[in-house]
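Undergrad: The lines below spell out each chain.
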Amino acid sequence: MGGGEPVLEVRDLRTYFPTMRGTVKAVDGISFTVLEGETVGLVGESGCGKSTAALSIMRLVPAPGRIVGGEVLLRGRDLLKLSEAEMRGVRGARIAMSFQDPMTFFNPVMRIGDQIAEGIIRHQRLSRREAWEKVISTLEVVGIPSPRDVAMSYPHQLSGGMRQRAMMAMALSCHPELMIADEPTTALDVIIQAQLLELMKDLKRELGMSSLIISHDLGVIAELCERVAVMYAGKIVEYSDIRRILREPRHPYTVGLLESIPRVGFKKERLIGIEGSVPDLIEPPPGCRFSPRCKYADEKCKEDPQLIELEEGHYVLCHHPVMGGG
Amino acid sequence: MGSSIERLSLGRLERYSRGLRGFWRSYSRNRPAVMGLAILFLLTATAVLTDLLDPYNPFGIYPSEVLLPPSFSHPFGTDDLGRDILKLVMFGSKTSLLVGFSAVFIASSIGIIVGALSGYYGGRVEDILMRLTDMLLIIPNFFLILLIVALFGSSLRNVVLVIGFMTWPGTARLLRSTFLSLREQEFVQAARVVGASHLRIIFRHLLPNGIYPVIVNSSLQVGSAILTEAGLSFLGLGDPSLVSWGRMLSIAQMYVRRAWWMAAFPGAAIFITVMAFNLIGDGLNDALNPRLRER
Amino acid sequence: MQPIVKVKGLKKYYPVEKSWIDKLLSRERRWVRAVDSIDLEIERGETFSLVGESGSGKTTTGLVLMQLVEPTEGEILFEGRDIFSLREEERRRLRRDMQMVFQNPYASLNPRMTVEEIVGEPLTIHLGLKGEERRGRVIELLDIVGLNPGKYYVDRYPHEFSGGQRQRIAIARAIALRPKFIVADEPVSSLDVSIQATILNLLQELKREFKLTYLLIAHNLAVVRYMSDKLAIMYLGKIMEKGVSEDVFQNPQHPYTKALISAFPDINPDVKRDRVLLRGEIPSPIAPPPGCRFHTRCPFRLEICERDEPMLVEVEDGHLVACHMVE
Ligand SMILES: Nc1ncnc2c1ncn2[C@@H]1O[C@H](COP(=O)(O)OP(=O)(O)OP(=O)(O)O)[C@@H](O)[C@H]1O
Ligand SMILES: Nc1ncnc2c1ncn2[C@@H]1O[C@H](COP(=O)(O)OP(=O)(O)OP(=O)(O)O)[C@@H](O)[C@H]1O
Ligand code: SF4
Ligand code: SF4
Ligand SMILES: [Mg+2]
Ligand SMILES: [Mg+2]
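Taken in order, these protein sequences are the chains called A, B and C. So for the first sequence, the working numbering puts the first residue at 1; every next one is plus one. So for the second sequence, the working numbering puts the first residue at 1001; every next one is plus one. So for the third sequence, the working numbering puts the first residue at 2001; every next one is plus one.
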């Protein structure tokens, strides 16, 4: 870790959705980097803006949504300044993404193999036949037992786990520099999830790819990632290497989150949990967005906290970082 | 104690009025639908007022005023018997609305009961009821109505009954399909768990959630019932003791060349009324559809 | 003491819709063997968990217990009485003692009823409460489940609440009649992580306060370990292992249990885990594998496993396992 060059740098990214009720500030000034060969996790609860962040990097934010500020640097080049045509050359080829819901991602009336081949043909200028060969070998890489059959199937004929694997094959097929996986295991049963986690670890070891993994499950992030950014209500509230965050969380939200998670490893007498509910992103609480649920909140928290670096590489967005918590 | 009961009822009332306001906000966004509602108000007012205000017997014969074109004293002209068309059209609105609403009331009542029972119970009950419904849906409605009216006489009551009895299957199907999907929902199971009876589940849980498409549909049906009545009267099968736009049209046929106004005004009245109900249906659809309403 | 709930040889087969080809060839009707002969004993005051992958028959078991579906075969005794031999009247009376919390709080509350009507419904049905009296009780219940002050919430509709709050409302409804036994089907799996713990704690508190017995249905093993006294692991409609929860977690015997426990991603990056990885996916419950149902995925499969079905045998006090390897 450490020494690698940054592959992706996100700086002060903001993506808003104008709606009838007001503007949803789904992503509101987030910054992080993914270094060469590194896996970074983006963790947070439902609706905090994880998918929107990923879609913003791909410049695929759905309709009313708009990227209103910030920079997304892929090896130093700002993707937000590219033309749509140039961006098409980046998507799939240099940054690949797997989506939360594979069923909406695949075209339901096209064979899986054809869909994967399409990208290969477009980005690598191979013939149809060569592309299909590549499809089969990639499906093998992601651990699909009978790749030829799967390539010939339609999306609805596959189980959830197979679909997720096929989507991963599609993402890998063009050797991207960065892979973004949005909730790669959320819809799956634990056993299938474990298969997929092991596959992702193997792929990481073999391909050494840089990736950004999005999940609401800290357990999944802990298994796959070296560094993690914790999101809450459109902002990154804590950002550090995974061990440090799990051992010495400093943001009250991260502390609460860790205290909410029961563990299989040992029996805990009492979980704590965080009272209250996730705030409305149209009118978020003034100042620190976590303040209505935070037990350390005081007058100062009515002002916006700034991201501070507590120790090298450990950033926290809080006026009163917790000492020795967790 | 008293004050808290007051608070309770106030809370309710406020909730209802808030709901109503929300409903109106989304309904009124649909301008044509508002127009439809305005037309309906106008028609209802006319129907009520003609009875109260007008002593003028619409069935009198005024030989000196036969077939006068529209003028200041007879804005819609007069007919072959010298009667004022404007007044006839106004009287006709009463017949149309009466037929439309009563027939749809009957159709909806039967349709709701049949749809609810077959959608809720499924199995045997559903099989039988839906077989019956299908049969009625397949037979060309208008001709059957025609036949029955011709056989049993064409009093207003018969016309209403016959239209009502022939049009409920649409409602039944609609409600059945909503019930089929609703009854699998967890809140229905939850009601069962707390011991709710079948009737309670149907009336307190399913119907409030599934009735909106039926309301929309009924509004469209009023329009089509009015059209059916006009059709019957046009063919001479309406109630002979009432003024009806359909019958006016029928008589007007004989005078089309000499007196266009005899056909034009009742024709326009039918057209506008049916259109009004369609517009209202469309507006209700927007306003009652929760997904559209959120926006 | 007599267990509060005893399930004997329970089976639930759902008919598979016949396709027109089946009809044409007049093929026999096929069945989904959702629950295939299971026995359970739930003692008064404990939390008993059912664990397993999707489709293993957990919910079906809960629904049969709540008499929401009729069993194909088998008996359920509640406080010693066979609930399916009761008359309609007595069955309804039983609803006061047995209640259920559903998985999805977005679907389990009628969107067109106020909280007062939702939570008050059992009070009206069973106790005939109305008006101010019912309202008072509902407010009390809301306070108990942590929606306080209750009077601030009674007149609202479900859509005005967050997922966690809705689940609290559903719990208030379930405890309204002071039941003895509650089936909780995945009560937290559709909630945010930080909210899950608060709902689990609420369930624990209520259990203590009202001396409840729970049947907890969950696929999240961590939740199960946190909550339960005993558990049963289900796979394709059968019980693979059951016993005191801590015994099973500390000393899992069945290969499937081991796989499940090791599959669970834990937030401790320092634990080097040796996963028992399973190949493939759960087979169809329409034609479950012969012999041991788990043999198609079992890394320790023996020859006998494909032929003979293993029986549940006791390996230590009250810890039962169905596997040829441990016999
Ligand atoms: N098309 C849209 N229009 C309006 N608001 C939207 C839209 N898409 C997303 N949002 C809002 O943006 C916020 C962030 O959504 P996003 O999907 O990024 O969250 P997430 O962290 O990925 O959540 P999840 O874990 O549920 O996938 C949410 O509050 C959501 O309501
Ligand atoms: N009404 C039904 N008709 C036909 N098959 C059904 C029905 N309900 C459930 N099944 C089938 O029975 C099996 C067991 O389902 P059940 O819902 O009990 O599983 P579960 O363990 O609760 O799974 P999950 O974790 O997904 O909720 C599944 O294969 C399911 O498809
Ligand atoms: S800034 Fe204040 S309210 Fe926000 S997390 Fe820190 S202590 Fe809590
Ligand atoms: S009986 Fe055989 S196949 Fe089944 S779990 Fe035991 S070893 Fe595996
Ligand atoms: Mg998302
Ligand atoms: Mg289930």
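Hint data in this document are derived by calculation from the structure and do not stem from the laboratory. Since we're looking at a predicted model, the values are computed, not measured. Treat the hints with care, as some may be off.
Stated by the list, open to error - Okay, the calculated bits of chain B under chain C, using three or more residues with CB under 8 angstroms as the criterion: (1) 1027-1035; (2) 1189-1195; (3) 1201-1213.
As the list claims (entries may be wrong) - Simulated pairs of lysine-lysine, DSS-like, Cα-Cα distance not exceeding 30 angstroms: (4) A:Lys267 / C:Lys2130; (5) C:Lys2151 / A:Lys295; (6) A:Lys201 / C:Lys2023; (7) C:Lys2180 / C:Lys2258; (8) C:Lys2207 / A:Lys267; (9) C:Lys2180 / C:Lys2151; (10) A:Lys201 / A:Lys267; (11) C:Lys2180 / A:Lys267; (12) A:Lys267 / C:Lys2151; (13) C:Lys2207 / A:Lys295; (14) C:Lys2011 / C:Lys2180; (15) A:Lys204 / C:Lys2258; (16) C:Lys2006 / C:Lys2023; (17) C:Lys2006 / A:Lys267.
Backbone N, C-alpha and C fix where the C-beta goes; we use that ideal spot for every residue, glycine too.
Undergrad: The structure should be examined with respect to each hint, and the outcome stated for every one.
TA: Checked hints:
Only residues whose C-beta sits within less than 8 angstroms of a C-beta in chain C count toward coverage, and the segment 1027-1035 of chain B has 0 of them, not enough to reach three; the restraint is violated. Counting residues of the segment 1189-1195 of chain B whose CB lies closer than 8 angstroms to any CB of chain C gives 7, so the stated coverage by that chain holds, three being the minimum. For the segment 1201-1213 of chain B, the proposed coverage by chain C is satisfied: 4 residues have a C-beta within less than 8 angstroms of a C-beta in that chain, meeting the threshold of three. Simply put, lysine 267 (chain A) and lysine 2130 (chain C) have alpha-carbon atoms about 45 angstroms apart, too far for the 30 angstroms limit, and the pair is violated.
A hinted pair counts as satisfied when its Cα atoms are at most 30 angstroms apart, and lysine 2151 (chain C) with lysine 295 (chain A) qualifies at roughly 26 angstroms. Using a Cα cut-off of 30 angstroms, the hinted pair lysine 201 (chain A) and lysine 2023 (chain C) is violated, with the two alpha carbons roughly 48 angstroms apart. A threshold of 30 angstroms between alpha carbons decides the hint, and for lysine 2180 (chain C) with lysine 2258 (chain C) the separation of about 33 angstroms lies outside it, so the pair is violated. For the proposed pair lysine 2207 (chain C) and lysine 267 (chain A), the alpha carbon gap of about 19 angstroms is at most 30 angstroms, so the pair holds.
Between lysine 2180 (chain C) and lysine 2151 (chain C) the CA atoms are separated by roughly 27 angstroms; this keeps the pair inside 30 angstroms, and the hint holds. Taking the CA atoms of lysine 201 (chain A) and lysine 267 (chain A), the gap is near 28 angstroms; set against the 30 angstroms cutoff, the hint holds. Distance hint between lysine 2180 (chain C) and lysine 267 (chain A) is fulfilled; the C-alpha atoms sit about 26 angstroms from each other, no more than 30 angstroms. Between lysine 267 (chain A) and lysine 2151 (chain C) the CA atoms are separated by roughly 37 angstroms; this puts the pair beyond 30 angstroms, and the hint is violated.
For the hint pairing lysine 2207 (chain C) with lysine 295 (chain A), the CA-to-CA distance comes to about 27 angstroms; that is within 30 angstroms, so the pair holds. The hinted pair formed by lysine 2011 (chain C) and lysine 2180 (chain C) meets the criterion: a straight-line CA distance of about 25 angstroms does not exceed 30 angstroms. Between the alpha carbons of lysine 204 (chain A) and lysine 2258 (chain C) the distance comes to roughly 26 angstroms, so the proposed pair stays at or under 30 angstroms and holds. Using a Cα cut-off of 30 angstroms, the hinted pair lysine 2006 (chain C) and lysine 2023 (chain C) is violated, with the two alpha carbons roughly 39 angstroms apart.
Between lysine 2006 (chain C) and lysine 267 (chain A) the CA atoms are separated by roughly 27 angstroms; this keeps the pair inside 30 angstroms, and the hint holds.
Hints 1, 4, 6, 7, 12, 16 from the list above are not met by this structure, while the remaining hints are.
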